[in-house]
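**Q** Sequence:
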Amino acid sequence: MSKRRKPNNGRQSRSSPETASGGNNQRRWYRVDLHTHTPASSDYEEPAATYLDVLRRAAEQELDVIAITDHNTVAGIGTIRREIEWLTRLEADNRLTDEERARLDEWRTLSEQVLVLPGFEFTATFGFHILGLFPPETSVRQLEHILLSLNVPADKLDIGSTETGSSTDVLTAYRVIHEAGGLAIAAHANSTHGVAMRDFPFGGQTKIAYTQDSNLDALEVTDLEKQYRSTARFFNGSKTEYPRRMHCIQGSDAHRLIANPKNPRRLGIGERATEMLLDTASFEAIVAVLRSKQFDRTRPARPADRPFDVVAVAREEGPSLVQSFHESASQRGGRLTTILNDICAFANTAGGTVFIGAGLRKGPPKGLDNAKQVQAEVQAAIDGRITPPLAVTVDMVESEGAKVMRVQVPKGQDRPYCIDDHKFYVRDENETNMAVR
1 MSKRRKPNNG RQSRSSPETA SGGNNQRRWY RVDLHTHTPA SSDYEEPAAT YLDVLRRAAE
61 QELDVIAITD HNTVAGIGTI RREIEWLTRL EADNRLTDEE RARLDEWRTL SEQVLVLPGF
121 EFTATFGFHI LGLFPPETSV RQLEHILLSL NVPADKLDIG STETGSSTDV LTAYRVIHEA
181 GGLAIAAHAN STHGVAMRDF PFGGQTKIAY TQDSNLDALE VTDLEKQYRS TARFFNGSKT
241 EYPRRMHCIQ GSDAHRLIAN PKNPRRLGIG ERATEMLLDT ASFEAIVAVL RSKQFDRTRP
301 ARPADRPFDV VAVAREEGPS LVQSFHESAS QRGGRLTTIL NDICAFANTA GGTVFIGAGL
361 RKGPPKGLDN AKQVQAEVQA AIDGRITPPL AVTVDMVESE GAKVMRVQVP KGQDRPYCID
421 DHKFYVRDEN ETNMAVR
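Quick note: the sequence shown uses the numbering used here, first residue 1, plus one each step.
Accuracy of the hints is not assured; some may be wrong.
[Said to hold, decoys possible] Straight-line C-alpha distance at most 20 Å; calculated EDC-like pairs for lysine to aspartate or glutamate: (1) Lys403 to Glu316; (2) Lys411 to Glu431; (3) Lys403 to Asp369; (4) Lys362 to Glu400; (5) Lys411 to Glu429; (6) Lys372 to Asp414; (7) Lys226 to Glu327; (8) Lys362 to Asp296; (9) Lys403 to Asp279; (10) Lys262 to Glu46; (11) Lys262 to Glu400; (12) Lys366 to Glu327; (13) Lys366 to Asp309; (14) Lys366 to Asp414; (15) Lys366 to Glu317; (16) Lys239 to Glu431.
[Said to hold, decoys possible] Have a look at the derived ranges for each label pair, beta carbon to beta carbon: (17) Arg415 to Gln205: 32 to 40 Å; (18) Asn260 to Thr50: 17 to 25 Å; (19) Lys262 to Arg415: 25 to 33 Å; (20) Asp158 to Arg95: 27 to 35 Å; (21) Pro303 to Ile208: 34 to 42 Å; (22) Glu46 to Ile208: 48 to 56 Å.
It is worth saying that the hints were derived from the structure and are not from the lab.
Just so it is clear, CB atoms sit at the ideal spot from N, CA and C, and this is done for glycine as well.
Starting from the given sequences, assemble the full structure and let the hints guide the process.
**A** Right, here's the structure in full:
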């Protein structure tokens, strides 16, 4: 199950070429669900479902990538691979029945449609859940060796239980997964068994370590589609104690094929997915995004008739240490200078994003009528007035039919930055202030 989707997949808006910060204009939005279970998990809710059903449902949901992450086991991945290998041997010996040939053909078709990443959901000390995801060519033996090194008992490797007894602490788990070539993602970090530890009686330093560790690649959260996106906002790099901005993604944590109608929170495959702007649907491309500072390359997956609006989400959050809003960039009234001050302040503080053409008044954003001209003026002002040279990413995004400029400012490598050789600015909460010695 390691084949990749062919580039021309016939999808609509999310498949069209698009650029992002540092962008390659051949990148596409791919739909991924990096947290799914199979009947190999002991708490799977549809025991009659087959592994082929899991892949069928992923294809029906138009997923490009899924990760199979059963509880402390890779038995599901092993079962899938053994069946395909067995059917392939029968084919080579010319011994396939019609039913077996149809099944092998379907496996192959699904392999072309959906990239399957092997992995597991590991239960660390104190019950915290961590996703370990690996390249598709990783063998079952390698994966089981990793689980054994995480102190999952050998006699429990095939059980798929959330309970493993005394295993390994969170930080060691991140490191072991990382050193084995995997992605370490904190599962449902803001919820039950999550490392953000809501209502958990641990000190703040432990929470900081569990969510800021260098071997942790991303936080999987459950509130990206809620109004205030509180977890993503908390980990956006604006907190002194949590300076590392974290990629926040979402996954279905599906323990069934389709959501339970009696309990909608028990989701099915692909029903809480993420879209990623990737060069190709591959493990390597996903790693590159989650280990980058390009936070605009992930977003919640939504239906085509309800696309994700990055400006609307940002306006709901409001000004902060890492974002600001301006209705225009006109020279009149000093608005361009105010924008430049924000850019300088972000570079001197924690980095951030400036939205131009979108204020904070209720209703649709005003937008920019002469977007290309404004973009040229802003870029010229940055190049001509900010020193040392500062590389920013400027692009246009659409929000409610309006064109809004987005200026993404990195935390500067050559701080301090100044305007006109003598004016230094820093960001203080949601305001830009002149630095005073």
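**Q** Indicate, hint by hint, whether the structure satisfies it.
**A** Here's how the hints hold up against the structure:
1. Proposed proximity of Lys403 and Glu316 is supported: the alpha carbons are some 18 Å apart, at most 20 Å.
2. Proximity of Lys411 to Glu431 is assessed by CA-CA distance (about 16 Å); at most 20 Å being required, the pair is judged to hold.
3. Our distance criterion of 20 Å between C-alpha atoms is met by Lys403 and Asp369, whose separation comes to about 8 Å.
4. Restraint check: the Cα-Cα separation between Lys362 and Glu400 comes to about 13 Å, which is no more than 20 Å; the hinted pair holds.
5. A C-alpha spacing of about 15 Å is found between Lys411 and Glu429, which places the hinted pair at or below 20 Å, so the restraint holds.
6. Of the pairs offered as hints, the one joining Lys372 and Asp414 is violated, with about 29 Å between alpha carbons and a cut-off of 20 Å exceeded.
7. Distance restraint check for Lys226 and Glu327: the Cα-Cα separation of roughly 26 Å exceeds the 20 Å cut-off, and the hinted pair is therefore not satisfied.
8. The suggested pairing of Lys362 with Asp296 is violated, with an alpha-carbon distance near 24 Å, which exceeds 20 Å.
9. Among the hinted pairs, Lys403 with Asp279 is inconsistent with the structure: their alpha-carbon atoms are about 25 Å apart, more than 20 Å.
10. Pair hint Lys262 plus Glu46 holds up; C-alpha atoms about 14 Å apart against a cutoff of 20 Å.
11. Straight-line distance between C-alpha atoms of Lys262 and Glu400 comes to about 35 Å, which puts the hinted pair past the 20 Å bound.
12. This hinted pair checks out: Lys366 and Glu327 have alpha carbons roughly 7 Å apart, not beyond 20 Å.
13. A threshold of 20 Å between alpha carbons decides the hint, and for Lys366 with Asp309 the separation of about 15 Å falls inside it, so the pair holds.
14. For the hint linking Lys366 to Asp414, the alpha-carbon distance of about 35 Å lies beyond 20 Å, and the restraint is violated.
15. Restraint check: the Cα-Cα separation between Lys366 and Glu317 comes to about 18 Å, which is no more than 20 Å; the hinted pair holds.
16. With a C-alpha separation of about 15 Å, the suggested pair Lys239 and Glu431 falls inside the 20 Å cut-off, and the hint holds.
17. At about 27 Å, the CB distance of Arg415 to Gln205 disagrees with the hint of 32 to 40 Å.
18. Between Asn260 and Thr50 the CB atoms are about 19 Å apart, so this pair conforms to the stated range of 17 to 25 Å.
19. The given range of 25 to 33 Å is broken by Lys262 and Arg415, whose C-beta atoms sit roughly 55 Å from each other.
20. One distance hint, 27 to 35 Å for the beta-carbon pair Asp158 and Arg95, holds here, with the actual separation near 28 Å.
21. Separated by about 37 Å at the C-beta atoms, Pro303 and Ile208 satisfy the suggested range of 34 to 42 Å.
22. As the Cβ distance of Glu46 to Ile208 is approximately 39 Å, the hint placing it in 48 to 56 Å is violated.
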